[in-house]
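**Student:** For reference, the chains in residue letters:
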Amino acid sequence: MTHIKEMVVVSGKGGTGKTSITGALSFLLQDKVIADCDVDAANLHMILNLDEVLLTKEFFGGKKARIVPERCTHCGKCRDVCLYDAISEDFVIDLVSCEGCGACHFLCPAEAVDFDERLAGYCYICSTEDNGRFVFAEMLPGEENSGKLVAMVRNEAREEAKKMGHELILIDGPPGIGCPVISSLTGTHLAVIVTEPTPAGAHDLKRIVELTNHFQIKTAVVVNKSDINASYVEATRQLCKDNGLVYLGEIPYEPKITEAQKEAKTILDFAPQCVASGAIREIHTKLQSILEEL
Amino acid sequence: MSEVQYIYDKGLKAMEDMNIAFASGKGGTGKTTIAVNLAYFLACSKQKVQYLDCDVEEPNGHIFLKPTIDKSTPAKVMVPVIDQDKCTSCGECSSHCQFNALVTLPGNVLLFPELCHGCGLCVYICPEKAIRDGDRGIGLIEKGIATQDIDFIHGILNVGEPMAGPLIQEVKHHYKEHHVRIIDAPPGTSCPVVKTISDADVVVMVTEPTPFGLHDLKIAVSVAKNMEKPIGIVINRQNGEFPPLETYLLKNDLPVIMVLPEDREIARHYSMGDILLQALPLYIDRFMELAVNIGRLLGKTKTQVAR
Ligand code: SF4
Ligand code: SF4
Ligand code: SF4
Ligand code: SF4
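The listed protein sequences correspond, in order, to chains G and Y.
The numbering of the first sequence is the numbering used here, which starts it at 44 and goes up by one.
The numbering of the second sequence is the numbering used here, which starts it at 104 and goes up by one.
Worth flagging that the hints you see were computed from the coordinates, not collected in a lab.
On a predicted model such as this, the values are computed, not experimentally measured, just so you know.
You may find that some hints are simply not true.
[What the hints assert, rightly or not] With a straight-line Cα cutoff of 27 Å, these simulated DSSO-like cross-link-like pairs (lysine-lysine) come out:
1) G:K249 / Y:K174
2) G:K249 / Y:K179
3) Y:K354 / G:K305
4) Y:K321 / G:K305
[Claimed, not checked] Covered, in the sense of this in silico footprint (three residues per stretch, anywhere, with C-beta under 8 Å from a C-beta of chain G), are these stretches of chain Y:
5) 282 to 291
6) 372 to 382
Cβ atoms here follow ideal geometry from the backbone N, Cα and C, with glycine treated the same way.
The whole structure should be built from the sequences, with the hints applied where relevant.
**Tutor:** Given below as structure tokens:
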């Protein structure tokens, strides 16, 4: 049986260039399944060389409650038990506030509350031009439960990896440190953090490192836009040393990355000779040897 | 009094007691920079300003506003406490819990606190009355006074804690009257964002003119539109033309209320934790324009509501 390794790229702070770097790395890595777990704002598909969408699956997020006026006796029980203030004085449930806990449904003496699953998004399985697979998802706007959709994307990616006999899953994780990030990280073998040399970047880096430590995931760090503020690059290097993290290197600020995006390409595809592409190639070499040792 | 001054003063009046939320589909568009500098600008214009950082996963406003924190309180959510002696392992609690936070084993019930949403259903449902309310810390609420007397508050989510929602609600419980309330929302478009902007009077979307930026802006706009919020667009790091964005904004009747250029100086001062307007006063006019435009947006909704 093949042993599948999962590598996730995360950032804590948004806008560090995580997706552009994931795209570039996917260009270099062979025989892999790519999973975009940034389900709130999936972008990676915009720069990959995709072939076609093979399969679209519906995602049901969670249940929401709805009071059926004809059956409701206005007894007020539901308003007493709802801890989320989701039920108005005239017994209408606000879908935004409803947490989907079911308390009103199970406890209503008149059985006046319907409680049904809602379509919350879609998950797509695509083929890539280099014989890989790409799984991504789109959440319907304002829907909840992105953590659960992340789990679905990762499951589908694992299934594809098994089917294809690929041993690597490359995950583009969401920003932040909350529910969808935790879903993206749990059980992965290697976390690559993309940070930037600013106080906000450093602040968020510390928090996401705590998180990967918490889940005991081997962690490596890349500093993007490294020439904005050299002092933070040094501090990041030190932080890696102190916390036993792998320091993968730095990528200088490269306006061509945005141009590549406008051409729907990764930077390696668009400007293979630029300094940033060179830096990403070096990082890839280091990652390869880490992956082999896992 | 010049006309600009007049519109400006009127705009400021319209803002008092208003909730101005700063959102962005994509992270890292400069949402915090714009929010912080508008707060600073309004405070310098003798407005009473409150800054609420609802980006509880990665709160960054304090890096720039540098508040003196004088009050720090833990935020808690309800979590069930199970009396294993009374429990008969009937399984009612775990079969009703929508979040798979309870597992019934022969002889006891296991709780996975990080899955629990604190809804309290299990407390009601247990036929043996073996479950009671307990509590669990999910983060910290910190309050203080920042530069220019800005009333500052933020929530910091504990690392490893998935429940951002209740902490955001907690931050919003601290709304101060007679203040312009500047609310920094989390990035993205799902539940935490919806919770944050639910009671905003106007939503300022900060975007950058790139394909990723546009793609995420579209999703964020549809969320705010669903909630019938007036929307103003700030284009950050403008660098030449990006026709797809202009076309989209035009087609959807979305007003651009400020443009900031791509400027290495801005990036440099950001990287040092400076307030942009302190370091680069040449941008003051832009923020004045932003304030006026937000005032206009607020005016617009009022007439719409009246009709
Ligand atoms: S508990 Fe049921 S019957 Fe009573 S007010 Fe709520 S929905 Fe109506
Ligand atoms: S399902 Fe839960 S959150 Fe939703 S309305 Fe009913 S009690 Fe409130
Ligand atoms: S409080 Fe609600 S979410 Fe938590 S264990 Fe009980 S039923 Fe489940
Ligand atoms: S419902 Fe009460 S008695 Fe039944 S398993 Fe749960 S805790 Fe035990």
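**Student:** Would you mind marking each hint as holding or not holding in the structure?
**Tutor:** How the hints compare with the structure:
no.: 1; hint: G:K249 / Y:K174; verdict: 23 Å, holds
no.: 2; hint: G:K249 / Y:K179; verdict: 23 Å, holds
no.: 3; hint: Y:K354 / G:K305; verdict: 20 Å, holds
no.: 4; hint: Y:K321 / G:K305; verdict: 17 Å, holds
no.: 5; hint: 282 to 291; verdict: holds (count 3)
no.: 6; hint: 372 to 382; verdict: holds (count 4)
Hint check: no violations occur; every hint is consistent with the structure.
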